[in-house]
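Participant: I would like the entire structure built from these sequences, with the hints used as guidance.
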Amino acid sequence: EDLNSVCVDNNGNDNGCSEDRGPHRELPSPDLDTKELLAYFQAEFDYQEAWETVAIMGAHSLGTLSRENSGFNGINGWLGNTRDLNNAYYDGLMGGASDLDDFETLMESADWEQVYVNNEDIGTPNRWEYERGVDPHFVMLNTDIALVRDLSEGLIGDEGEVSECQVRCGRRNGNGCALPRCPHAEETWEAVKTYKFDNEEFLADFEVSFKKMLTTGAETDAGCASLPCTVPTISRRNLKKNYLRK
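When you line the sequence shown up against our numbering, it's residues 3 to 248, in that order.
Think of the hints as simulated: they come from the structure by calculation, not from any bench.
Keep in mind that a hint or two might mislead.
Restricting the straight-line Cα-Cα distance to at most 25 Å, the calculated cross-link-like pairs of lysine to any residue (SDA-like) are [as the list claims (entries may be wrong)]:
1) Lys37 / Gly24
2) Lys195 / Asn121
3) Lys214 / Asp33
4) Lys214 / Asn88
5) Lys37 / His186
6) Lys195 / Cys9
7) Lys37 / Arg170
8) Lys214 / Arg85
9) Lys195 / Gln50
10) Lys195 / Asp22
11) Lys214 / Leu87
12) Lys37 / Val210
Computed spacing ranges between beta-carbons, pair by pair [claimed, not checked]:
13) Pro182 / Tyr118: 30 to 40 Å
14) Ser100 / Ser154: 22 to 32 Å
15) Asp123 / Glu221: 20 to 30 Å
Just so you know, these numbers come straight off a predicted model, no measurement behind them.
Glycine included, each C-beta is placed from N, C-alpha and C at the ideal position.
Facilitator: Below is the structure:
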């Protein structure tokens, strides 16, 4: 609780902070392309390597999305199994049955189709999301797809629509190859491939990335004289710690 911070409702009105309403925080856009996604995690959490970002994105094996909160229609989450942290997230992004499969086989990802979500009835932003499956359906956002597809060069429109290419030749809507396939994301491709076929490697790297996320910007050597502990913040410009991959 921070009574000196701005705590806003869905309409942007300051209602003051309370025990159940914290300070307003700007969340990252769900429509970042690969370079923007990597730049965000580098600026916010000092992630210097692409694998750190790819690993932390695996947290999307957990949780769900709701129209009422974010505008996305993902009540079954990214995968359907919303309580197990594992590498299944990457299985939905990349095809193939082995890391020895050729490039074209790996590009045959799950059959994602971009769908428009109209939220005018509830007042949250209208959204574009990727869906696969029907009753239940699962979702991906542009920031998820950006781990395996390069959506830069203006491919993502103002509202999140990708209208000039598609993740793969679609079967879900029967459109065949009406649009060309989006190019693969070179900077993050190999890390996605590694995690798709090696759950232990993913979990080990996720631990490193998550710990770094929790401690970046905090002086972790300050100690704790009494509970609850308070950890003073430090400038990100002064971060010198070298986080080594396990």
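Participant: For every hint, state whether the structure bears it out.
Facilitator: Outcome of the hint check:
1. Pair hint Lys37 plus Gly24 does not hold up; C-alpha atoms about 30 Å apart against a cutoff of 25 Å.
2. Annotation: proposed proximity of Lys195 to Asn121 is violated, straight-line Cα distance about 35 Å (limit 25 Å).
3. Our distance criterion of 25 Å between C-alpha atoms is met by Lys214 and Asp33, whose separation comes to about 24 Å.
4. Between the alpha carbons of Lys214 and Asn88 the distance comes to roughly 19 Å, so the proposed pair stays at or under 25 Å and holds.
5. Only pairs whose Cα atoms come within 25 Å are accepted, and Lys37 paired with His186 is accepted, the gap being roughly 13 Å.
6. Note on Lys195 and Cys9: the hinted pairing is violated, with a Cα-Cα distance of about 41 Å set against a maximum of 25 Å.
7. Between Lys37 and Arg170 the alpha-carbon distance is near 21 Å, which keeps this suggested pair within the 25 Å criterion.
8. For the suggested pair Lys214 and Arg85, the alpha carbons sit about 22 Å apart, so the restraint of at most 25 Å is met.
9. As the CA atoms of Lys195 and Gln50 are separated by approximately 19 Å, the hinted pair is consistent with the 25 Å bound.
10. With a C-alpha separation of about 40 Å, the suggested pairing of Lys195 with Asp22 is violated against the 25 Å cut-off.
11. Taking the CA atoms of Lys214 and Leu87, the gap is about 18 Å. The hint holds against a cut of 25 Å.
12. With a CA separation close to 21 Å, the supplied pair Lys37 and Val210 stays within the 25 Å bound.
13. Distance hint for Pro182 and Tyr118: a CB-CB separation of about 21 Å, inconsistent with the stated range 30 to 40 Å.
14. One distance hint, 22 to 32 Å for the beta-carbon pair Ser100 and Ser154, holds here, with the actual separation near 29 Å.
15. Evaluation of the 20 to 30 Å hint for Asp123 and Glu221 yields a failure: the beta carbon distance comes to about 47 Å.
Of the numbered hints stated above, those contradicted by the structure are hints 1, 2, 6, 10, 13, 15, listed in ascending order.
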